[in-house]
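Please put together the full structure from these sequences, using the hints given.
Line by line, the protein sequences give chains A and B.
Residue numbering for the first sequence follows the working numbering, beginning at 1 and increasing consecutively.
Residue numbering for the second sequence follows the working numbering, beginning at 214 and increasing consecutively.
Hint data in this document are derived by calculation from the structure and do not stem from the laboratory.
Quick reminder that beta carbons are idealized off the backbone N, C-alpha and C, glycines included.
There's no promise every hint is true.
Unchecked claim - Each computed SDA-like pair below joins lysine to any residue, with the alpha-carbon atoms no more than 25 Å apart:
(1) 303/B / 277/B
(2) 303/B / 244/B
(3) 290/B / 223/B
(4) 290/B / 39/A
(5) 436/B / 459/B
(6) 295/B / 123/A
(7) 295/B / 26/A
(8) 354/B / 134/A
(9) 290/B / 125/A
Claimed, not checked - Derived contacts from chain A toward chain B, CB cut-off under 8 Å, selection only:
(10) 111
(11) 112
(12) 115
(13) 118
(14) 119
(15) 120
(16) 121
(17) 122
(18) 123
(19) 125
(20) 129
(21) 130
(22) 133
(23) 134
(24) 135
(25) 211
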Amino acid sequence: MNASAWQMLFDGAWTTLWISAVSIAIGVVAGLIVALIRLARIPVLDQLLVLYISLARATPLVTLALFIFLSAPTLGIGLDRSVAGILALTLNTTAFNAEIWRSGFRNFSRDQREAAMATGMTPWITFRRIMLPQMMITSLPGLINEMSFLIKGSPAIAVIGVVDLTRVTNRISAVTYEPLPPILVACVLYMMIIGALVWLQRRAERRANRLAT
Amino acid sequence: MPETTAVSIRQLSKSFADVEVLRDVNLEVAAGDVVTILGASGSGKSTLLRCINWLEQPDRGSIHIAGERIGLDDSGKRMGAKALARVRAKTGMVFQSFNLWPHLNVLHNITEAPIHVMGKPRDEAETHARELLAKVGLSDKAEAYPGTLSGGQKQRVAIARALAMQPEVMLFDEPTSALDPELVGEVLAVIKDLSAEGYTMVIVTHEMSFARAVSNQVVFLDKGLIVERADPESFFDRPSTTRVQRFLENHG
Numbered sequence: 001m002n003a004s005a006w007q008m009l010f011d012g013a014w015t016t017l018w019i020s021a022v023s024i025a026i027g028v029v030a031g032l033i034v035a036l037i038r039l040a041r042i043p044v045l046d047q048l049l050v051l052y053i054s055l056a057r058a059t060p061l062v063t064l065a066l067f068i069f070l071s072a073p074t075l076g077i078g079l080d081r082s083v084a085g086i087l088a089l090t091l092n093t094t095a096f097n098a099e100i101w102r103s104g105f106r107n108f109s110r111d112q113r114e115a116a117m118a119t120g121m122t123p124w125i126t127f128r129r130i131m132l133p134q135m136m137i138t139s140l141p142g143l144i145n146e147m148s149f150l151i152k153g154s155p156a157i158a159v160i161g162v163v164d165l166t167r168v169t170n171r172i173s174a175v176t177y178e179p180l181p182p183i184l185v186a187c188v189l190y191m192m193i194i195g196a197l198v199w200l201q202r203r204a205e206r207r208a209n210r211l212a213t
Numbered sequence: 214m215p216e217t218t219a220v221s222i223r224q225l226s227k228s229f230a231d232v233e234v235l236r237d238v239n240l241e242v243a244a245g246d247v248v249t250i251l252g253a254s255g256s257g258k259s260t261l262l263r264c265i266n267w268l269e270q271p272d273r274g275s276i277h278i279a280g281e282r283i284g285l286d287d288s289g290k291r292m293g294a295k296a297l298a299r300v301r302a303k304t305g306m307v308f309q310s311f312n313l314w315p316h317l318n319v320l321h322n323i324t325e326a327p328i329h330v331m332g333k334p335r336d337e338a339e340t341h342a343r344e345l346l347a348k349v350g351l352s353d354k355a356e357a358y359p360g361t362l363s364g365g366q367k368q369r370v371a372i373a374r375a376l377a378m379q380p381e382v383m384l385f386d387e388p389t390s391a392l393d394p395e396l397v398g399e400v401l402a403v404i405k406d407l408s409a410e411g412y413t414m415v416i417v418t419h420e421m422s423f424a425r426a427v428s429n430q431v432v433f434l435d436k437g438l439i440v441e442r443a444d445p446e447s448f449f450d451r452p453s454t455t456r457v458q459r460f461l462e463n464h465g
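The following block contains the structure:
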């Protein structure tokens with residue numbers, strides 16, 4: 001592999017990283033909002049969200065990415081490949097995150113909620129000051145787990161032409177006729193990214209356990 | 214209604230499924246009163262206490278806190294969350310299992326509601342919190358997290374947290390039942406100090422000698438009915454019902 005092959009690999013890794021990071025950032029917040037709306041049990045909206053969550057969780061990422069990219073023009077929307085990729089990853093991860101947040105709500109200590117209400121806190125203040133700070137810690141291991149699933153699933157967006165870390169290995173071997181070296185490097189780069197997340201997750205779990213005692 | 218009435222409970226009834234846990238309960242707590250509620254487990258005493266700040270919703274009857282109705286507005290409709298929270302803030306509650314917030318240190322457990330409910334400035338809230346910590350004998354624990362405290366210390370912090378909202382009435386739901394025997398005394402001593410200072414309190418407890426020493430009205434509940442109410446001397450020395458006589462024999 002020459003210098004330009006290395007450069008291409010790092011560009012691919014960067015694409016994977018930033019597209020995943022944007023999807024994760026939106027997906028964590030959007031998942032919380034979906035969970036909150038579902039807890040409010042608003043008729044119709046609730047059923048729509050249930051439908052969305054089951055569809056998004058059941059659809060393979062490749063299929064979802066293709067569907068978004070191909071259906072956008074028929075709706076008269078011109079979608080950039082990266083934007084379509086981010087949209088697909090976000091729609092997928094939001095559904096999983098919503099369920100993680102929702103179980104965080106369901107498992108939250110009733111005793112602590114009662115103590116908050118007894119001091120005169122409204123449900124909103126109770127959520128913001130008492131529940132959310134703890135749920136961020138207790139849900140983090142699950143959320144990080146979902147993040148690493150998302151990154152490992154991200155090569156799906158190559159199907160709509162985004163040159164990510166996996167796709168770029170194809171391009172390099174098309175020139176060098178040596179497929180093994182680039183894919184090996186890609187593997188190592190993925191392992192480094194996921195490894196960093198696993199390390200974060202372990203720290204998050206220790207914090208969550210400290211809170212539980 | 215005169216302003217000296219801290220809590221006024223009228224014809225309160227509540228059922229869980231088919232079981233009537235409270236039946237037509239009437240109770241007046243004057244400002245400065247210390248009322249203890251006694252009774253066997255399952256007699257409805259905790260439910261009665263939890264109705265006072267609407268953690269349980271009664272089926273019938275009314276509750277006024279310092280003259281203001283809680284839970285329902287004057288036309289009998291359910292209060293909105295904000296209105297309910299505002300009336301609740303007039304009560305302070307101490308739970309059996311302390312229910313401190315583990316992500317906040319002791320000082321912030323106490324200042325959280327004054328700052329975010331009353332809108333008190335932080336420095337003012339913290340000054341008041343440190344005074345309350347001194348009162349419950351925990352000045353050195355302001356920065357500690359609840360997880361590092363003993364049960365007795367946790368309960369004293371919980372008392373300070375409830376006091377910080379300057380409530381019209383303090384509600385104690387079996388405050389020493391979850392404590393190791395050697396830690397009960399320190400919590401009871403704090404509650405006794407509060408009664409000496411004139412705080413209005415309603416206390417559900419199993420500690421008979423404490424109830425006798427601290428209260429000026431004892432209420433005995435049996436199967437959701439108030440079967441006896443008296444000053445502590447009459448209640449403990451000359452109980453008028455056989456039900457209470459039996460109860461007192463069993464609780465020496």
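For which of the previously enumerated hints does the structure constitute a violation, in increasing order of number? 7, 24
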